[in-house]
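S.K.: As a plain string of letters, each chain reads:
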Amino acid sequence: DTAVSQTPKYLVTQMGNDKSIKCEQNLGHDTMYWYKQDSKKFLKIMFSYNNKELIINETVPNRFSPKSPDKAHLNLHINSLELGDSAVYFCASSQGGGLTQYFGPGTRLLVL
Amino acid sequence: SQQGEEDPQALSIQEGENATMNCSYKTSINNLQWYRQNSGRGLVHLILIRSNEREKHSGRLRVTLDTSKKSSSLLITASRAADTASYFCATEPIYNQGGKLIFGQGTELSVKP
Numbered sequence: 001d002t003a004v005s006q007t008p009k010y011l012v013t014q015m016g017n018d019k020s021i022k023c024e025q026n027l028g029h030d031t032m033y034w035y036k037q038d039s040k041k042f043l044k045i046m047f048s049y050n051n052k053e054l055i056i057n058e059t060v061p062n063r064f065s066p067k068s069p070d071k072a073h074l075n076l077h078i079n080s081l082e083l084g085d086s087a088v089y090f091c092a093s094s095q096g097g098g099l100t101q102y103f104g105p106g107t108r109l110l111v112l
Numbered sequence: 113s114q115q116g117e118e119d120p121q122a123l124s125i126q127e128g129e130n131a132t133m134n135c136s137y138k139t140s141i142n143n144l145q146w147y148r149q150n151s152g153r154g155l156v157h158l159i160l161i162r163s164n165e166r167e168k169h170s171g172r173l174r175v176t177l178d179t180s181k182k183s184s185s186l187l188i189t190a191s192r193a194a195d196t197a198s199y200f201c202a203t204e205p206i207y208n209q210g211g212k213l214i215f216g217q218g219t220e221l222s223v224k225p
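Line order of the protein sequences matches chains D and X. The opening position of the first sequence corresponds to residue 1 in my numbering, with each subsequent residue numbered one higher. The opening position of the second sequence corresponds to residue 113 in my numbering, with each subsequent residue numbered one higher.
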């Protein structure tokens, strides 16, 4: 059973397009996160949600909009994609903050 | 925001040898965690050490934490080819909101058979 799943796994798109990445966790956790990993493998938190409420918004451009329809899902919509958005995006979840986080397999986004 | 620094950036050893990776951080923390990332995969949690702990063991892993020096080390004993991966430390700042973890830039470990 997949604990944290993301779709799609790969995303290749043109500059200026709008795209979404979906994340689901079946662990019953109440906190979910989005991270961005750049080409140098540096991993940085973007957002965290607790019970559908936004807790962390780490100075991410407004083009990125997370949405949590319920506590098992956290989607990421990106408007007007730019070349610099190319990265691997990871979803993660935990039971509460500051505890072990469980990561999804990542979505590899390439903006051409 | 501040992030941890890992040292070395890359480490290549023979199977059976021990691997030691170090992590330094800048802010006061509640806990420090180590994660492994295999190539093309997500991160997997290895071990968590709280700020009031000095050493922790899990199987072949040994983690130490020195809060006075703001540093931690991860030791993998009797390494195996399957240990080849990137290893990241992550700190939970003491002012933490919402489970924020600050990740280091990772150590790439290569274990040659």
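If you are wondering where the hints come from, they were derived from the structure by calculation, not from laboratory data. C-beta atoms are modelled at their ideal positions from N, C-alpha and C, and glycine is treated no differently. One should not assume that every hint holds.
Said to hold, decoys possible - Below, simulated DSS-like cross-link-like pairs (lysine-lysine); rule was C-alpha separation at most 27 Å, straight line:
no., chain 1, residue 1, chain 2, residue 2
1, D, Lys44, D, Lys67
2, D, Lys44, D, Lys22
3, D, Lys71, X, Lys224
4, D, Lys9, D, Lys44
5, X, Lys138, X, Lys182
6, D, Lys67, D, Lys9
7, D, Lys36, D, Lys67
8, D, Lys44, X, Lys138
9, D, Lys22, D, Lys52
10, D, Lys40, X, Lys224
11, X, Lys212, D, Lys36
12, D, Lys41, X, Lys224
13, X, Lys212, D, Lys67
14, D, Lys22, X, Lys212
15, D, Lys71, D, Lys40
16, D, Lys44, X, Lys212
17, X, Lys182, D, Lys19
18, D, Lys9, X, Lys138
19, X, Lys168, D, Lys9
20, D, Lys71, D, Lys36
21, D, Lys36, D, Lys19
22, X, Lys138, D, Lys71
23, D, Lys52, X, Lys212
24, D, Lys71, X, Lys182
25, X, Lys212, X, Lys224
26, X, Lys182, D, Lys36
Stated by the list, open to error - Distance windows between CB atoms, simulated:
no., chain 1, residue 1, chain 2, residue 2, range
27, D, Leu112, X, Thr179, 27 to 33 Å
28, D, Thr13, X, Gly171, 30 to 36 Å
29, D, Thr100, X, Thr176, 15 to 21 Å
30, D, Glu58, X, Pro120, 26 to 32 Å
31, X, Val156, D, Lys52, 24 to 30 Å
32, X, Thr132, D, Tyr10, 33 to 39 Å
33, X, Glu117, D, Pro69, 23 to 29 Å
34, D, Leu112, X, His169, 31 to 37 Å
35, X, Ser163, D, Asn79, 39 to 45 Å
S.K.: For every hint, state whether the structure bears it out.
M.R.: Tested hints:
Between Lys44 of chain D and Lys67 of chain D, the direct Cα distance comes to roughly 19 Å. Compliance with the 27 Å bound is thereby established for this hinted pair. Straight-line distance between C-alpha atoms of Lys44 of chain D and Lys22 of chain D comes to about 18 Å, which keeps the hinted pair within the 27 Å bound. For the hint pairing Lys71 of chain D with Lys224 of chain X, the CA-to-CA distance comes to about 43 Å; that exceeds 27 Å, so the pair is violated. A hinted pair counts as satisfied when its Cα atoms are at most 27 Å apart, and Lys9 of chain D with Lys44 of chain D qualifies at roughly 19 Å.
For the suggested pair Lys138 of chain X and Lys182 of chain X, the alpha carbons sit about 7 Å apart, so the restraint of at most 27 Å is met. Taking the CA atoms of Lys67 of chain D and Lys9 of chain D, the gap is near 19 Å; set against the 27 Å cutoff, the hint holds. Distance check on the hinted pair: Lys36 of chain D and Lys67 of chain D sit about 16 Å apart at the alpha-carbon level, within 27 Å; holds. Taken as a hint, the Lys44 of chain D and Lys138 of chain X pair is honoured in the structure, with Cα atoms around 16 Å apart against an allowance of 27 Å.
The suggested pairing of Lys22 of chain D with Lys52 of chain D holds, with an alpha-carbon distance near 15 Å, which does not exceed 27 Å. With a C-alpha separation of about 23 Å, the suggested pairing of Lys40 of chain D with Lys224 of chain X holds against the 27 Å cut-off. For the given pair, Lys212 of chain X sits about 13 Å from Lys36 of chain D by alpha-carbon distance, which is consistent with the 27 Å threshold. With a C-alpha separation of about 22 Å, the suggested pair Lys41 of chain D and Lys224 of chain X falls inside the 27 Å cut-off, and the hint holds.
As the CA atoms of Lys212 of chain X and Lys67 of chain D are separated by approximately 18 Å, the hinted pair is consistent with the 27 Å bound. For the proposed pair Lys22 of chain D and Lys212 of chain X, the alpha carbon gap of about 21 Å is at most 27 Å, so the pair holds. Restraint check for Lys71 of chain D and Lys40 of chain D: the C-alpha separation of about 31 Å exceeds 27 Å, so the hint is violated. For a cut-off of 27 Å, the pair hint linking Lys44 of chain D to Lys212 of chain X stands: about 10 Å separates their Cα positions.
For the given pair, Lys182 of chain X sits about 40 Å from Lys19 of chain D by alpha-carbon distance, which is inconsistent with the 27 Å threshold. Taken as a hint, the Lys9 of chain D and Lys138 of chain X pair is broken in the structure, with Cα atoms around 34 Å apart against an allowance of 27 Å. Distance restraint check for Lys168 of chain X and Lys9 of chain D: the Cα-Cα separation of roughly 35 Å exceeds the 27 Å cut-off, and the hinted pair is therefore not satisfied. Of the supplied pair hints, the one linking Lys71 of chain D and Lys36 of chain D holds, its CA atoms being roughly 21 Å apart against a limit of 27 Å.
Between Lys36 of chain D and Lys19 of chain D the alpha-carbon distance is near 15 Å, which keeps this suggested pair within the 27 Å criterion. A distance of roughly 32 Å separates the Cα atoms of Lys138 of chain X and Lys71 of chain D; the hinted pair therefore is violated under the 27 Å criterion. Taking the CA atoms of Lys52 of chain D and Lys212 of chain X, the gap is about 16 Å. The hint holds against a cut of 27 Å. Distance hint between Lys71 of chain D and Lys182 of chain X is unfulfilled; the C-alpha atoms sit about 35 Å from each other, more than 27 Å.
In summary, the hint linking Lys212 of chain X to Lys224 of chain X is not supported, as the alpha carbons are separated by about 35 Å, beyond the 27 Å threshold. Only pairs whose Cα atoms come within 27 Å are accepted, and Lys182 of chain X paired with Lys36 of chain D is accepted, the gap being roughly 25 Å. Our hint of 27 to 33 Å for Leu112 of chain D and Thr179 of chain X is violated, since their Cβ atoms are close to 46 Å apart. About 42 Å separates the C-beta atoms of Thr13 of chain D and Gly171 of chain X, a value inconsistent with the hinted range of 30 to 36 Å.
Taking 15 to 21 Å as the suggested C-beta distance range, the pair Thr100 of chain D and Thr176 of chain X conforms, at roughly 19 Å. Judged by the Cβ atoms, the range 26 to 32 Å given for Glu58 of chain D and Pro120 of chain X holds: they are separated by roughly 28 Å. In this structure, Val156 of chain X and Lys52 of chain D meet the distance hint of 24 to 30 Å, their C-beta atoms being roughly 26 Å apart. The beta-carbon spacing between Thr132 of chain X and Tyr10 of chain D, approximately 35 Å, falls within the hinted interval of 33 to 39 Å.
Separation of Glu117 of chain X from Pro69 of chain D is about 38 Å and departs from the stated range, judged on CB atoms against 23 to 29 Å. Against the hinted window of 31 to 37 Å, the Cβ-Cβ separation of Leu112 of chain D and His169 of chain X comes to about 47 Å, which falls outside the hint. Range check, Ser163 of chain X to Asn79 of chain D: Cβ separation about 40 Å, and the 39 to 45 Å hint holds.
Going down the numbered hints, you'll see the structure goes against 3, 15, 17, 18, 19, 22, 24, 25, 27, 28, 33 and 34, while the others check out.
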